[in-house]
Amino acid sequence: VNSEPTTLLQETWDLLILKSLIVGEMHGWGISRRTQQIAGTTFVVKPGSLFPALHRMEEEGWISCFWGSLGTQPLREILPLDQGWTEATGSRSQAMRAHFLGYCAGFGSFVERCSVCRSL
Amino acid sequence: MPLFVKLRSLLRNLFLSRRVEVDLDREVHAHLELLTDENIRAGMSPKEAQRTARVELGGVEQVKEQVREKQMGNWLHSVMSDCRYGARQFRRNLGFTLVAVFTLALGIGANTAIFSVINSVLLRPLPYHDPDDLVMLWESNSQHVNSHNTVSPPNFLDWQSRNSVFSSMSFIFDERDNLTGNGDPEEVVVQDVSTNFFSLLGVNPLLGPGFTPENGQPGHDNVVIFSYGLWKERFAGDPSIVGKSVLLNGHPQTVVGVTPQNFDWFIKDGSLTGAKPQMWSPFLFPQAFHDHKQMGRFMSVAARLKPGVTHWQAQIEMSTIAARLEQEDPDFNGHWGVNVVSLRDQISGDLRPALLILFGAVAFVLLIACANVSSLLLARAGSREREMAIRTAMGASRWRIARQLLIESLLLALIGGGSGVALAVWGTNTLLTASPQNLLDLRAVSMDLRVLLFAVAATLLAGLLFGFLPSYISAHSRISETLKEAGRGSSSASRRAFARNAFVVAQLGLALVLLTGSGLLIRSFVRLIGVDPGFDTAHLLTFKIALPRSKYSTDQLRAAFFQQLLSRISTVPGVRSATMESFPPLTGLGAATDVRLLSQRSVARSDLPVANVRVVGPDYFGTMSIPLRAGRLFNTQELAAEKHVTIINQAFADKYLHGVNPLGQKAVIYMKSDAEAENQPSEIIGVVGDVHQLGLDTAPEPTVYWPHSELVMSGMTILARASNNPLALLSTIRNQLQQLDPELPMAAVATMDQLLADSLSRSRFTMLLLGIFAMVALMLAAVGIYGLIAYSVTQRTQELGIRIALGAQRRDVLRLVLKQGTRLTLLGVAIGVLAALALSRVLGTLLFGVSATDPLTFAGVAGLLAIVALLACFIPARRATRVDPMIALRYE
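Read top to bottom, the protein sequences are chains A and B. For what it's worth, the working numbering labels the leading residue of the first sequence as 883, then goes sequentially. For what it's worth, the working numbering labels the leading residue of the second sequence as 174, then goes sequentially.
There's no promise every hint is true.
Claimed, not checked - In silico DSSO-like links for lysine-lysine, alpha-carbon gap of 30 Å or less:
no.	chain 1	residue 1	chain 2	residue 2
1	A	Lys901	B	Lys845
2	B	Lys243	B	Lys179
3	B	Lys724	B	Lys828
4	B	Lys449	B	Lys724
5	B	Lys243	A	Lys901
6	B	Lys828	B	Lys816
7	B	Lys179	A	Lys901
8	B	Lys845	B	Lys992
Treat the hints as calculated values from the structure; they're not laboratory data.
Make a model of the complete structure from these sequences and hints.
Here's what the structure looks like:
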């Protein structure tokens, strides 16, 4: 298996999470729902891959987490840090977007319907 | 900032792992509950809602594991868990672990021990200021073998005034003097030096001001500096010693200093006493030296290079100066040049070849040990192949598998290395107690940071070395094959078998090289102890007496003292006869000079033949059992008074007289003075057999003997032949001496057999160590081939069972198994012989009377290795013949 699409997907995944944070989501739960909406049929967003990504981004210093609550349910609240903003809007994300568009175009038929491409 | 965040996360993951886990658990569960709630709101039953939520999440534990993998420090965590896993593996396979650790401990321990000696002898800086700038200057004569000849005082003065490469230059010569007053009389070794000696070395005294330039003025030179040892022993470390007065040869001397504890200056070349100094005293050149009148060569010279001047520049300039001196005084300086030797080479130069060879030998031992452990790991990898295949199938990457195996190897290496260092500490101590005192300085060898770093490096290198191949092969095995064929006959299994065979061949080859080296040294040693010293060494007591010139001021007094002493010793019951000699044989000490044979045409002084001069007492040749070959021995009149007669040895007659009858010939022996007129020719009255005066490995040199009456020396070695153990007579003889002069100490008491053993000590020590390493190598190689054959017998149990069931005889099975061992052994021996042929010449100077390619040694060690290897194969081969076909066939 070629590893390039995998890392590409992972980085796109990071970008999607950051984008949804910037829009104003605060909980893993919301991020998961939001990214699933965006991803639509392009790829399946499993909560199982959300947590590792969130942890990695926290350790990278892109986001910060602390315990808050949603109603009675204790939940981790997530805030994007400066580094996260830079990552989401900076030149690296521009390059990544171009890259992903190229990758997405490879799938052909549904490229015009790809919500990921549109939201990136 | 990101770095700080990362670091904080890493520390949190490592040290607050429990809290991180709890947070993770709560987070994932919260998510699960939200999912479940959503599903319930969508109208599912609670049970179904929960199930769907779990499916959507992908399993609580799996999600947590995925997060853990992404966590910072996860790498460290997994390395730790690999270590724990490895440790569990080792505990479970205790036999394997013990063998591997022991093997590695031997290899790494031997390397560390030898390296600690090399470190202290060859690497550690000498205890002087900028020691790399210090050199020794020797005279060297193109017609003599000795390139480290002592220096004449006038030449020293000329070198000093004419050179531009040295910032300072000091002379040193040593003598034994009597230290009296404050306690028993004691003979001490005193180095007479120029006053700049300590400042040249950059060493400040522990106590006192030391020598000042003023001490170089006449009348101010009655000062001494004590060695730390003498100060501690004789003066109990008296802190107020400086300024006190001691009696040296009856003359008062003021103590102006004590050297630091680690200070030492002992250069064996050029030493007249052959012993370490205990005291230093300034020496003033008499006017005769300045006037070029005293021409003897007897001093050692140390010098410090000016900053930026290289050793070679100094050598070139000194050679130029020597050439000019040769032109100015061809009689005295003809053929003489200057040899500049760095202090490091001077001190350790003659130990270097032996040490480097031993270092090479232990490196070989470590290689053999690594091959053994690697082979063990390969065998174990065969049985763990399924485990690895399953891990791969479960998603472990090649790197992950290789890493785990490498970590296990490194862990093994670390345990082995740790035990090895412990072994080395113990081994070094044993080494030093076993090593002759005159070979290694006991205090100097110790573990330091450099040795520990070396041990760590050797350990890691060994771990990578023996771990690489097994982990590489395991990581590159094809799992489908493994799972299908249960690990047998797979491509990785055959690669492993090939590697193990190659290891065994390499081990046998390396072991053969070591065995050859040690075989050659043993043969040399046997040759050496087979050398007839030329006299009888049994039951011979030797000790030195040095008469102080103040008390025994005339030749008559000195001669009378020795005569009385010898006659008193002769009367001691148990003493068969007693005599004396200027230098004890076999200690490398002696004095040589030019000899002019009157019958031969006159040549320049510098072209004259050179001979050792030995001054002997009455009945010397009888007491020593040196045979008379021609002529007669000294008679009573000649022993009593100067009659100008001499006895030569066979080597002198052979080398200088070429078959001409030596008896009655006259020879001028330039020993008493350099002036021609003061040297009366001596008549040769006899020829005696050769004696290996300088040591068994040195050919007897042309020697002339004079009776003591001819040259009344004040320092003589007394030789007493006893009918039994001579040391038992020591106290009686000492009594006799004290009755004669209670102030005279007995120095350098030894039996001739001890002196003989000492003279062989270096050869014996090198031979012994190399022998031990070769034996270890042989043992490891034997274990290696044994392991291989035993393993292959186990693997082939089924096949052997079928063969036996089909009617194969015990003999056939034995032959079958032995064939594999024999092939490997022959290959190993062949490669080893070739390698040994290429390498044995490095032994060079360590060999005596044996060529580096001695066929007998090669054949012998090849035979020994082959026999041991085949015996090692024979044990599993015999087990193979006992295979019960029923059990073997039921096996699978």
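Hinted pair, alpha-carbon criterion (30 Å max): Lys828 of chain B, Lys816 of chain B. Please report holds or violated. Given pair Lys828 of chain B, Lys816 of chain B holds - Cα atoms ~26 Å apart, limit 30 Å.
Can the restraint linking Lys179 of chain B and Lys901 of chain A be considered satisfied, given a maximum Cα separation of 30 Å? holds, 22 Å
Is it true that the CA of Lys243 of chain B sits at most 30 Å from the CA of Lys901 of chain A? Distance ~21 Å between Lys243 of chain B and Lys901 of chain A Cα, so the pair holds.
CA of Lys901 of chain A to CA of Lys845 of chain B, is that 30 Å or under? violated, 107 Å
CA of Lys449 of chain B to CA of Lys724 of chain B, is that 30 Å or under? Roughly 26 Å separates the two Cα atoms, so the pair holds.
Given the hint that Lys845 of chain B pairs with Lys992 of chain B, does the C-alpha gap stay at or below 30 Å? Violated, because 76 Å separates the two Cα atoms, which is more than 30 Å.
Are Lys724 of chain B and Lys828 of chain B close enough, with their CA atoms no more than 30 Å apart? With Cα atoms ~42 Å apart, Lys724 of chain B and Lys828 of chain B exceed 30 Å; violated.
Pair hint outcome, Lys243 of chain B versus Lys179 of chain B [Cα-Cα no greater than 30 Å]: holds, 13 Å
In terms of the numbered hints stated before, the structure departs from hints 1, 3 and 8, listed from lowest to highest.
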